[in-house]
Amino acid sequence: MKAAGFKVLLVDDEEEFVRALAERLEIRSFHCEVALCGEDALRMIRENPPDVIVLDLKMPGIGGLEVLRRVKERSPHIQVVILTGHGSERDREAGERLGAFRQLQKPVDIDELIRTMNEAYRQG
Amino acid sequence: MNGMEDRHPYYRALTRNMILIIVLVSFTPLVLISGLIGYSFETAYREKVVAHLKELVRKHQQNIDGFLDEKMSYIQVLADSYTFEELSDEAFLTKKLAVLQQAYDGVFVDLGVVDDRGVQIAYTGNFKLANADYSGAEWFRAARTREHFISDVFLGLRRQPHFIITVKRNTGGREWLLRATIDFMAFNSLVGSIRMGETGGAFIINRNGEFQTDPRIDPAPNKDYFLKLFEDARLEGFPSSRPSGVEKAAFPSRNRVRNVLAGNFDHQGRNCVYVATLLKDGEWLFAYEQDTREAFPELYRSRRIAIAIFLLGGLAIVFVAVLLSRRMVQHIRKADHEKESMTEKMVEAGRLASVGELAAGIAHEINNPVAIMVEEAGWIEDLLDDEEFRNSENLDEFKRALQQINNQGIRCKEITHKLLSFARRTDPKPEEFQLNHLLEELVGISEQRSKTRNVKVEKNLAPDLPPICASPSEMQQVFLNLLNNAFDAMPPSGGTIEVTSRLDGEAIVVDIVDNGHGMPKAILPKIFDPFFTTKPVGKGTGLGLSICYGLVEKLGGKITVNSALGMGTTFHVHIPVCQRQEFLSPSSSETSNNGRSGGDAVTRGNVGRR
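Chain order of the listed sequences is A and B.
Numbers 0 to 123, taken from numbering that gives the first Met the number 0, label the letters of the first sequence in order.
Numbers 0 to 609, taken from numbering that gives the first Met the number 0, label the letters of the second sequence in order.
Just so you know, these hints were derived from the structure itself, not from any lab.
A few of these clues could be false.
What the hints assert, rightly or not - To be clear about the criterion: a stretch of chain B counts as covered by chain A if any three or more of its residues have a C-beta under 8 Å from a C-beta of chain A, and this derived list gives those stretches:
no. : region
1   : 360-372
2   : 375-385
3   : 407-415
To be verified - The calculated EDC-like cross-link candidates involving lysine to aspartate or glutamate, where the alpha carbons are at most 20 Å apart (straight line), are:
no. : chain 1 : residue 1 : chain 2 : residue 2
4   : B       : K398      : A       : E95
5   : A       : K57       : B       : E364
6   : B       : K398      : A       : D39
7   : B       : K455      : B       : E439
Even for Gly, the Cβ is constructed at its ideal location relative to N, Cα and C.
Please work from the sequences and hints to get the whole structure.
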């Protein structure tokens with residue numbers, strides 16, 4: 000897969016997952032940052048806004064939907080791809096309503112994820 | 000099932016109470032109003048009839064008194080006009096009698112002059128009573144004491160009922176009486192002509208209870224009653240028609256109108272009404288009596304009609320009350336039943352919803368670790384691309400193993416996805432989807448069951464069917480229900496269920512064919528009725544098929560059934576296809592989440608939303 004080279008923020012409380020994913024994306028020439036909770040994510044977005052956010056929904060503290068809402072409020076141009084274990088239908092609808100670019104289900108094929116991120120980046 | 004409910008004591012008591020209330024509420028005003036009106040009518044009518052009878056009696060009283068007074072005055076005139084000597088001459092007397100008889104057709108029978116010893120010194124008439132000795136006669140003793148006298152009816156010497164009028168005169172210190180006999184029949188006709196119906200009649204009775212007229216009715220048993228009445232009337236100072244001492248000129252006395260007594264009494268089970276008054280200075284009682292039934296015919300007729308109406312109306316009320324209550328309770332029972340099954344369904348829905356929540360949670364919990372595994376495997380895969388591993392002899396084996404991990408991860412995802420997509424279906428919102436996917440899913444779910452029951456489920460689904468517009472959850476309910484019924488129809492030895500889909504004009508037809516025990520023709524028209532079930536009590540609600548029917552009808556489709564006992568049953572479900580052009584191609588209609596199974600799930604995410 001061709002590296003796109005844009006900035007990606009990965010937000011997930013599952014550290015093992017998010018670190019492995021980050022490393023794999025780095026290999027593919029993405030510039031990845033990792034946030035392990037909603038608060039960190041919001042802080043990092045404020046300090047250094049990414050191009051695309053890959054966001055988990057179920058997290059302790061500020062949940063994914065809340066992060067999505069705040070991001071879209073402040074910087075609607077940042078595209079958000081939701082990557083979750085399997086949210087309920089309600090969460091899915093809420094995410095859609097709040098302006099998520101797409102929702103993907105874990106475990107996700109790395110190529111599919113990259114394809115989606117590229118689409119999102121082009122959109123943004 | 001219904002039979003059992005009918006005997007349920009709660010509904011029986013409910014029916015009984017409703018009947019009682021309706022009957023009570025209907026009858027109370029009916030009884031009160033009819034009682035009130037009946038009483039008023041009876042009183043008014045009685046008063047009217049009694050007033051009429053009183054008038055009748057009063058008129059007769061006047062007639063009779065007038066009759067007596069007239070005859071008396073004639074005799075008085077006779078006594079005053081002629082001397083004792085003239086009247087003692089029988090030839091003269093005969094002439095006078097002839098004049099009287101001519102004037103009063105047959106009223107005067109004879110005339111006589113009686114001296115103070117009681118000897119009739121002159122007589123004219125049909126009886127040979129000249130020189131008859133009346134000194135011992137009761138009337139003679141009474142007549143001697145008064146100026147004028149009218150006797151009671153008696154047989155006398157002639158042995159025939161008659162009464163006499165006497166006038167006492169005094170000539171030369173010797174008293175003599177002019178006596179006239181009044182024909183009983185002539186007098187009797189005055190009273191006897193009062194005759195009404197079968198039982199109404201009048202009579203005159205004297206103080207000793209002797210009839211002064213020929214009572215054409217038989218009041219003899221009541222004689223004592225009338226005698227007592229007679230006494231009471233006299234004791235109470237009931238004014239007689241002619242107060243004693245007042246001469247005839249006093250007619251007509253004004254109090255006469257009020258001199259009439261009325262009442263009723265029971266006699267030998269008969270109720271009689273009477274109207275009575277006094278005659279002849281209170282010596283006679285003139286009475287009219289009649290059976291109440293006959294005296295008040297209108298009253299009894301309207302009473303009979305009222306009773307008939309009351310009975311018929313009462314019967315109608317009771318009938319309607321029973322019918323209404325039964326029907327009402329039937330409705331209540333049905334509503335209760337529906338509520339019960341509704342509650343059951345609600346509980347079921349709630350249970351399913353919580354299962355859905357649980358499944359979502361489990362999916363999340365499983366998918367996260369699986370995602371890590373897959374990610375780590377992918378990481379190793381990435382590392383294998385590095386130079387140092389390029390020449391490893393087991394490189395292909397590593398890659399195969401990693402691919403396997405990846406595949407199994409995806410399989411896990413599919414499992415949780417299936418679980419979720421099934422549990423999530425509670426939304427009745429219609430959407431466009433592929434019926435085949437739903438059928439495949441349902442058949443997949445039934446697989447476990449089919450293995451244990453030794454039932455083979457074959458699917459024969461036409462490819463490239465257009466999508467339908469329906470709620471996936473409702474369609475799932477319809478076909479799951481039909482599949483379950485097919486399973487239930489299977490004998491223990493097992494059998495085959497075939498699920499076929501095909502396009503027939505503007506509708507997709509799904510046939511669910513089983514070779515189970517089938518149904519007799521007689522019950523086929525009833526199977527879609529609510530609460531109809533062939534399952535044992537408590538096993539089936541009898542609602543499944545009727546709900547299916549309702550759901551399919553709602554979409555504009557239909558369900559038909561063929562069945563042969565012992566051969567099996569086929570349900571045909573017709574569901575109209577989506578009319579919108581853009582959904583005619585199956586792949587374009589696919590939303591990212593609904594109903595896909597098998598390999599579709601892997602690429603599901605790529606299809607995306609529009």
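Cβ contact check, 8 Å cutoff: the region 375-385 of chain B against chain A, three residues minimum: holds (count 4)
Examine the region 407-415 of chain B: at least three residues should have C-beta closer than 8 Å to a C-beta of chain A. holds (count 5)
Given the hint that B/K398 pairs with A/E95, does the C-alpha gap stay at or below 20 Å? Between B/K398 and A/E95 the Cα gap is close to 37 Å, so the pair fails against 20 Å, i.e. violated.
Okay, the region 360-372 of chain B and chain A, do three or more residues pass the C-beta test at under 8 Å? holds (count 10)
Keeping to a limit of 20 Å between CA atoms, is the pair of B/K455 and B/E439 held or broken? Holds: B/K455 and B/E439 sit about 14 Å apart, inside 20 Å.
Has the given pair, A/K57 with B/E364, been kept, meaning a C-alpha gap of at most 20 Å? This hinted pair holds, its Cα atoms lying about 10 Å apart.
Mind checking the alpha carbons of B/K398 and A/D39 for me, to see if they're no more than 20 Å apart? 36 Å, violated
Violated hints, listed in ascending order, are 4 and 6; each of the other numbered hints is respected by the structure.
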